[in-house]
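Protein chains: 2
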Amino acid sequence: MTLDLRLRTATPADYDRIAAVADDWWGRPVSHALPRLFLDHFHATSAVAEAGDELAGFLIGFLSPSLPDAAYIHFVGVHPARRGAGLARVLYERFFALAAADGRTVVRAVTAPVNAPSIAFHTALGFTVTAPIPGYDGPGDVKVRFERPLG
Amino acid sequence: MTLDLRLRTATPADYDRIAAVADDWWGRPVSHALPRLFLDHFHATSAVAEAGDELAGFLIGFLSPSLPDAAYIHFVGVHPARRGAGLARVLYERFFALAAADGRTVVRAVTAPVNAPSIAFHTALGFTVTAPIPGYDGPGDVKVRFERPLG
Numbered sequence: 001m002t003l004d005l006r007l008r009t010a011t012p013a014d015y016d017r018i019a020a021v022a023d024d025w026w027g028r029p030v031s032h033a034l035p036r037l038f039l040d041h042f043h044a045t046s047a048v049a050e051a052g053d054e055l056a057g058f059l060i061g062f063l064s065p066s067l068p069d070a071a072y073i074h075f076v077g078v079h080p081a082r083r084g085a086g087l088a089r090v091l092y093e094r095f096f097a098l099a100a101a102d103g104r105t106v107v108r109a110v111t112a113p114v115n116a117p118s119i120a121f122h123t124a125l126g127f128t129v130t131a132p133i134p135g136y137d138g139p140g141d142v143k144v145r146f147e148r149p150l151g
Numbered sequence: 001m002t003l004d005l006r007l008r009t010a011t012p013a014d015y016d017r018i019a020a021v022a023d024d025w026w027g028r029p030v031s032h033a034l035p036r037l038f039l040d041h042f043h044a045t046s047a048v049a050e051a052g053d054e055l056a057g058f059l060i061g062f063l064s065p066s067l068p069d070a071a072y073i074h075f076v077g078v079h080p081a082r083r084g085a086g087l088a089r090v091l092y093e094r095f096f097a098l099a100a101a102d103g104r105t106v107v108r109a110v111t112a113p114v115n116a117p118s119i120a121f122h123t124a125l126g127f128t129v130t131a132p133i134p135g136y137d138g139p140g141d142v143k144v145r146f147e148r149p150l151g
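Protein sequences, first through last, are from chains A and B. Residue 151 is where the first sequence ends in my numbering, and the numbering goes up by one at each step. Residue 151 is where the second sequence ends in my numbering, and the numbering goes up by one at each step.
Just chain A, with the same shape it has in the complex:
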């Protein structure tokens, strides 16, 4: 496994590679939450990390069209064999810089309350976390929301 990583802006063509590994990387079905539209229309603010030809990680985020102060991170994944090495943090910091450069002052994300590693990670990165919000993504769904000031 090469340790060299290349980080670059995503393209629409990255969708198929990401969709092919998402369920495996998460260990549960998640690809329903990642339709192609996210790469087609938000690739310019999303990023892919590659080690040679292998996908090492990715971040899908966008600058909110309707909330001029906000940026939103929808999906971030790191290859299971590459976790714990700071790659997710690098992807987040890259997105923070990109959003701040556009004048955004807050970045938000959500996760399921049971996703303790995600909550710990976001807290370490300076995000606040809400109590679980019932009905967040529709009836029966529960999420916590993350928020972090920028700049």
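For the record, the hints were derived by calculation from the structure and aren't laboratory data. Worth double-checking, as some hints may not be accurate.
One copy or two, either will do: identical chains are not told apart, so a pair holds if it fits within one copy or between any two.
Said to hold, decoys possible - The list that follows gives simulated cross-link-like pairs (lysine to aspartate or glutamate, EDC-like), each with its CA atoms no further than 20 angstroms apart:
id, residue 1, residue 2
1, Lys143, Asp16
2, Lys143, Glu93
3, Lys143, Asp14
Keep in mind that this is a model prediction, so the values were computed, not measured.
Knowing the structure of chain A, use the given hints to seat chain B on it.
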């Protein structure tokens, strides 16, 4: 049932009403495809139709941040008792005008190949429709893509 309709720009607060009816209006589970982020971040280009206090229909669409020529329609619903009266067409025409005013030259959408009413509707509105595309929204998924020039 009142026939008076009011059409207005959506707000983030419309999410809960839309999520509450989506599965019923579609007759199958669809709310997983409609997370809150779509109203939080695309409400300014989305619309709600109301008849008194009742939700009559909605359109969720956005101007692509990464593709400067493109607009995208993600979800459109009309109350089952109000179908066939042209409301969906009104919602689409409103979005076309909004997108064209921003300089967008093409509008896109997708649906499942089995959704014959959606394919007929989009064709009548001037969209072209592709052959079914395997793996469109991830492994095992199949979609057709609609496209219509603007202006």
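Now for the hints, and whether the structure bears them out:
1. Lys143 - Asp16: Close across copies (14 angstroms), not inside one copy (27 angstroms); limit 20 angstroms.
2. Lys143 - Glu93: The answer is neither: 23 angstroms in one copy and 35 angstroms across copies each exceed 20 angstroms.
3. Lys143 - Asp14: This pair counts as between: shortest inter-copy Cα distance 18 angstroms, intra-copy 27 angstroms.
The structure fails to meet hint 2 from the earlier list, while all remaining hints are met.
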